[in-house]
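Asker: With the hints as extra help, turn the sequences into a complete structure.
For the record, the sequence lines run as chains E and Y.
Numbering (the working numbering) for the first sequence: 188 to 540.
Numbering (the working numbering) for the second sequence: 1268 to 1533.
It is worth saying that the hints were derived from the structure and are not from the lab.
A hint or two may mislead.
DSBU-like cross-link-like pairs, simulated, lysine-lysine; straight-line CA separation at most 30 Å [stated by the list, open to error]:
| # | chain 1 | residue 1 | chain 2 | residue 2 |
| --- | --- | --- | --- | --- |
| 1 | E | Lys531 | E | Lys422 |
| 2 | E | Lys504 | E | Lys514 |
| 3 | E | Lys531 | E | Lys504 |
| 4 | Y | Lys1294 | E | Lys531 |
| 5 | E | Lys531 | Y | Lys1315 |
| 6 | Y | Lys1362 | Y | Lys1315 |
Listing some non-contacts, in silico: residues in chain E with all C-beta distances to chain Y over 10 Å [stated by the list, open to error]:
| # | residue |
| --- | --- |
| 7 | Thr240 |
| 8 | Ile245 |
| 9 | Ser271 |
| 10 | Lys310 |
| 11 | Pro332 |
| 12 | Leu356 |
| 13 | Asp470 |
| 14 | Ile472 |
| 15 | Pro473 |
| 16 | Val474 |
| 17 | Ala481 |
| 18 | Met512 |
Computed Cβ-Cβ distance ranges for the label pairs, DEER-style [said to hold, decoys possible]:
| # | chain 1 | residue 1 | chain 2 | residue 2 | range |
| --- | --- | --- | --- | --- | --- |
| 19 | Y | Asp1368 | E | Gly354 | 34 to 44 Å |
| 20 | E | Pro473 | Y | Val1359 | 55 to 65 Å |
| 21 | E | Ala481 | Y | Pro1393 | 55 to 65 Å |
Computed from a predicted model, the values in this text were never measured in an experiment.
Backbone N, C-alpha and C fix where the C-beta goes; we use that ideal spot for every residue, glycine too.
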Amino acid sequence: MPITILQHSLAPPPKLRDADSDSDSEGGADLEGDIAMGRPAKRARTQDSSIMTPGEIITDDPQWMRGHGTYVIPGASSNTILSSVAGTLAKTNKLLSVRPLRARYMPEIGDLVVGRIVEVQAKRWRVDVGGTLLAQLPLSAINLPGGIQRRRTETDELQIRTFFSEGELLVAEVQQLYNDGAAVLHTRSLKYGKLRNGVFMSVTGTGGGGGVVRARRQAFTLDISGTDEVSGSEKIDVLLGVNGYIWISKHIEGEGAAAETSGPGITRIEESVGLNVYSSQNDIIPVDTMREIARVRGVITALVENGLRVDEEMVIKGYAEAVEMAKEEQDSADTLWLGGERGKRLANALVGR
Amino acid sequence: MPLDTSTYNLALLRVDGRRWNELRQQKGQLGVQPSADGSAYLEMGNTKIQCIITGPNERDTKSTSSASTAPTSGGLGATVAVSIMIAPFATVDRKRRGRNDKRLQEMQTTIASGLAATVQGQSYGPRSTIHISLNVLSQDGSLLACLINAASLALVDAGVPMTDYLVACTAGSTSSYAAADEEADPLLDLNTQEEQELPFLTLATLGATDKVVAMLTRLEGMMATAADGCKGVRDFLDGVVRDKGELMVQEGAIGRGEVVSSMDLD
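Answerer: Pasting the structure below:
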C-alpha cells in the first residue's frame, strides 16, 4: 500500500454524554450499594440508534432465536439475547443476528474468492484468502492443462509446482467448509484459475462498510475505449473477490472470469482449456491499458478510503466519474492518483453529496 | 515535585484541577489504520495509545516471540497474542527499553488473559491467532488501564465477537496511617504524578457488570471508585463505536439495522 499523507485534521470535540456527572457531590466514596453483584445491570437501549454494541441487550423475549453476532449468558435461566459485536441488527423470521460493522472474511460455499498460494503440500495447496484460517485447494480440484479428464497420478503430484507455486495468485470458488470455518476451494471451471496480466489489491473488511459486498456479479468487464487516447476497444477485467482481494487485469477475449457466458459448455471443456492456462508469463499490455488499470485501482482505493461499498455499480460509476475528472484536469499523469482531497471529491460525486 | 495532599484536603481539588471522582478527558477513534483488520486510538488525559489488530489468522506465532499469548474458550478458540511497544519519546526522559522488560511482560500477560476471557473465539478455531499490538505514544499514568481500553476498542473495530467491552480504570488512596483518616477520598484515574505518590490499583471490569469478589476495608472504597470509573470509560467507548456506526449508516456503507420490538411479531 503506498504511503498517503493525509491532511492534518483536529480530533472531533468530545461529546457530553452523561448529564449525571457527580462532580458536584460532597466527596467521599459511596461505599454502599455501589457494586451490584450477579446479573449485568440492564442498560436502557437507546431508541434513536440502530447500532448494537457488544454487551447490549437485544431482547429478552423468549420467542426469538439467536444467530451470528449474538450470545446468551450461559447458565442463566433467562432468555436474554445480547450482542457480541458492534453492528446493525438483522432479522430473518424469528432469527436475530448482528451484522458487524467490519469483520474478517468468513467463507461461505459458492463464494468467488481471489487467493494467494502460501504453501505447497504433497496433494494440495494452502491458499491465503484473507480468512481466519488458510483455505486449501486439493490437486483433484483443478483443471489439467488441455482439459484432460483423468485421475491425478503420482506424476501430477511431483509436478504440483507447474500448476501453482508459492506466491501465485488465483481465482477460485469455495466448494466446501469444515467445522472450524476453513474453506476448500476448486477451480474446475473456465472462469477460475491462475491470474496474470493485472494488478492485485486488497481491501479489508466484508459484510460491512469499506469492503466488497456479496453481489450478483463479482466479475465484470469495463470498457475503457471511452477515454479518447485509447485506440481500439480495449477492455479491463475487474474481479471483486468476496474476501476483499481484488484483481484488475487486461481483458483477453474468451478468457477470464467475466467470460462466463461466452465460453463453451462443460462438455467441450477439453477444447477450451488451453495448454497455457498455468502460464505465469504476462502478455504485452499497452501502456494505455496499464494506465486505465491503475485508474480503476485508484477508484477502488478511493471508495474504500471514504467508507463506500465496493461493488460492480460503484466501480463502474466511479470509473466513469474518474475519467470525467481527468478530462477536466487536462488529463495529466497525476490525475491517476485518487487519494486525499481528490478521492473525497470522487466519493462525494458518487453518493451525491 | 511532591503531591501536596494538604492542598487536596483544603480545596478538594487534585494537582490537575479534578475532583476525586473525575475521569480525565478522553478521546477515541476507530479505524485509524485502514490496512489493519482493526485499529483504535485512545487518549485518557495525556496517556495516548494506538492499537493495531491483525487477524484472526493462521500464521506462525514464532515471529512474534516477544508477545504474550492466551487461549480463548478453554483452548478451543483462537489465541490472543499481545505485544506492547513503548515509544522512546513517550516519557519525559527519553530512554530505550530492553526487549525483556519484566514490567511490560507482566502487563502483556495481564491484557492477554483478560481479553481471552471476554473474546468469544470458538468460532475461529484453535489454529488462528488474534495479534494485538499496542503502541504507547505518550505515557502519563494509568498505563495498564488505558492499554486495556484501547485494545477493547480495537477488537470492536476488528469485528471480533466479545461478551462485553473489557474496561479498566485506576484508583488511588489519599488516606495515610499517620493521619488516621480512614474516610479520606479515593482518587479516580491517576496521572503519573499521583501514581508516584499514592498507593493505587488498576481494576478491569466486564462492561456493565461489576464482577468483583474480594475486598479489604480501605481497598473497598478504591475499588468502588475504580469500578465507577470503568462504567464511565465504557460509556465513552460505547459512544465512540456508536458514532462510527451511525456515520457508516449515514454514508450508506452498511444497511440500516432493524429494531426488535414485541409489537412487530406476526
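Asker: Hint by hint, say whether it matches the structure.
Answerer: Checked hints:
no.	hint	verdict
1	E:Lys531 x E:Lys422	26 Å, holds
2	E:Lys504 x E:Lys514	16 Å, holds
3	E:Lys531 x E:Lys504	15 Å, holds
4	Y:Lys1294 x E:Lys531	25 Å, holds
5	E:Lys531 x Y:Lys1315	28 Å, holds
6	Y:Lys1362 x Y:Lys1315	18 Å, holds
7	Thr240	5 Å, violated
8	Ile245	6 Å, violated
9	Ser271	4 Å, violated
10	Lys310	19 Å, holds
11	Pro332	30 Å, holds
12	Leu356	18 Å, holds
13	Asp470	30 Å, holds
14	Ile472	27 Å, holds
15	Pro473	31 Å, holds
16	Val474	29 Å, holds
17	Ala481	19 Å, holds
18	Met512	20 Å, holds
19	Y:Asp1368 x E:Gly354: 34 to 44 Å	37 Å, holds
20	E:Pro473 x Y:Val1359: 55 to 65 Å	59 Å, holds
21	E:Ala481 x Y:Pro1393: 55 to 65 Å	42 Å, violated
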